[in-house]
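Student: The numbers in the sequence shown follow numbering that gives the first Met the number 0, run straight up by one, and end at 327.
What the hints contain is simulated information worked out from the structure, not anything from laboratory work. Since the model is a prediction, treat every value here as computed from it, not as a measurement. One thing to keep in mind: the hints can contain errors.
Said to hold, decoys possible - In silico lysine-lysine, BS3-like type, Cα no more than 30 Å apart, as pairs: (1) Lys152 - Lys250; (2) Lys227 - Lys250; (3) Lys227 - Lys152; (4) Lys235 - Lys250.
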Amino acid sequence: MEFDETIDILIARVLTEEASAEDHEEFVRWMEASEENRRYFEQVRTIFEQSARVQTEKFDAHAAWEIFRRKIMPDQTAARGKVVAFPVWKAAASLLAFAVAGVFLFRLFSIPPSNEYVAVADDAVRQDTLPDGTAIWMNSHTGIRYAFDKRTKTHTVALEGEAFFEVDKEPDAVLIVTAGETFIRDIGTSFNVKAHPDSATVVVSVIEGIVRFYTAADEGVELRAGQKGVYDRRSKTFSSDRLEQNEFAYKTRVFVFNNQTLQQVVNSLNAVYRRTIRVDRSIERCRLTVSFEDESIEEIAAVIAETLGLTVEETDGVITLSGEACTE
Numbered sequence: 000m001e002f003d004e005t006i007d008i009l010i011a012r013v014l015t016e017e018a019s020a021e022d023h024e025e026f027v028r029w030m031e032a033s034e035e036n037r038r039y040f041e042q043v044r045t046i047f048e049q050s051a052r053v054q055t056e057k058f059d060a061h062a063a064w065e066i067f068r069r070k071i072m073p074d075q076t077a078a079r080g081k082v083v084a085f086p087v088w089k090a091a092a093s094l095l096a097f098a099v100a101g102v103f104l105f106r107l108f109s110i111p112p113s114n115e116y117v118a119v120a121d122d123a124v125r126q127d128t129l130p131d132g133t134a135i136w137m138n139s140h141t142g143i144r145y146a147f148d149k150r151t152k153t154h155t156v157a158l159e160g161e162a163f164f165e166v167d168k169e170p171d172a173v174l175i176v177t178a179g180e181t182f183i184r185d186i187g188t189s190f191n192v193k194a195h196p197d198s199a200t201v202v203v204s205v206i207e208g209i210v211r212f213y214t215a216a217d218e219g220v221e222l223r224a225g226q227k228g229v230y231d232r233r234s235k236t237f238s239s240d241r242l243e244q245n246e247f248a249y250k251t252r253v254f255v256f257n258n259q260t261l262q263q264v265v266n267s268l269n270a271v272y273r274r275t276i277r278v279d280r281s282i283e284r285c286r287l288t289v290s291f292e293d294e295s296i297e298e299i300a301a302v303i304a305e306t307l308g309l310t311v312e313e314t315d316g317v318i319t320l321s322g323e324a325c326t327e
């Protein structure tokens, strides 16, 4: 592969999450052009990921560079100052190292741009409006970082956790949500993204419009209203399916249960409310068809108990449902 400084800088932007929508499109075209390009990127990404393990709390720029240098220029290290010839890809990787290190240092030590916006939802759902007019509902334990690139007219939201987006579409502008290694490009829509750092999957659910769900190395899937896409972080593969009921009930506070077991019902409720409902094992397989809309957890527990003939008890903030086993 011929040495190309432009490609190395482009890869650096992708790896450090500084790439614009146009950069990503150019990168995908380059990756798809040849298997050699793909192998080159995998080599560079491995170097970058291993080097990034240096703790940023005690960041030492010299130490970080030495890690890069030892990995991509082992022949020079062994030669102890002698001029040693090494393959072209190592020369390209060394240039990339400078580019990555430069961007990383800039992000670590510079003052955040004035158009950056950060929001966090701790133990409760938080509703907010981004600077571009997009309405956002963040589930508990969620954080976002928003920025706007005037040059490319790209709005970017970095997400950890789960959030629902209602996009106020701006002419000629692009909204991209980044979640781990995945990207969600909005095409005038409302959608939900679930991307907890400790989860094995990233899930995108589309309510209106269309989104493109992809990674730097995979063009991914196009999702339309009523569909959800799942990215498996282990296998690095995409799949799509129809939306399930109660997919984002934390935002709507609307629950619809159709002949589901009581344990399934309680699991869905406990994922949204801060209070916990517990059911005795003897009744967890009882089936229930019911719906709730913006009701408190206490009201919901009372309705379930009345419907199935159960008793309700509260102890230390935990609601317990108990009763006789249901007949199938």
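Student: All hints, please: hold or fail.
Tutor: A quick look at each hint next to the structure:
Straight-line distance between C-alpha atoms of Lys152 and Lys250 comes to about 29 Å, which keeps the hinted pair within the 30 Å bound. Of the supplied pair hints, the one linking Lys227 and Lys250 holds, its CA atoms being roughly 17 Å apart against a limit of 30 Å. Note on Lys227 and Lys152: the hinted pairing holds, with a Cα-Cα distance of about 27 Å set against a maximum of 30 Å. The hinted pair formed by Lys235 and Lys250 meets the criterion: a straight-line CA distance of about 28 Å does not exceed 30 Å.
Of the numbered hints stated above, none is contradicted by the structure.
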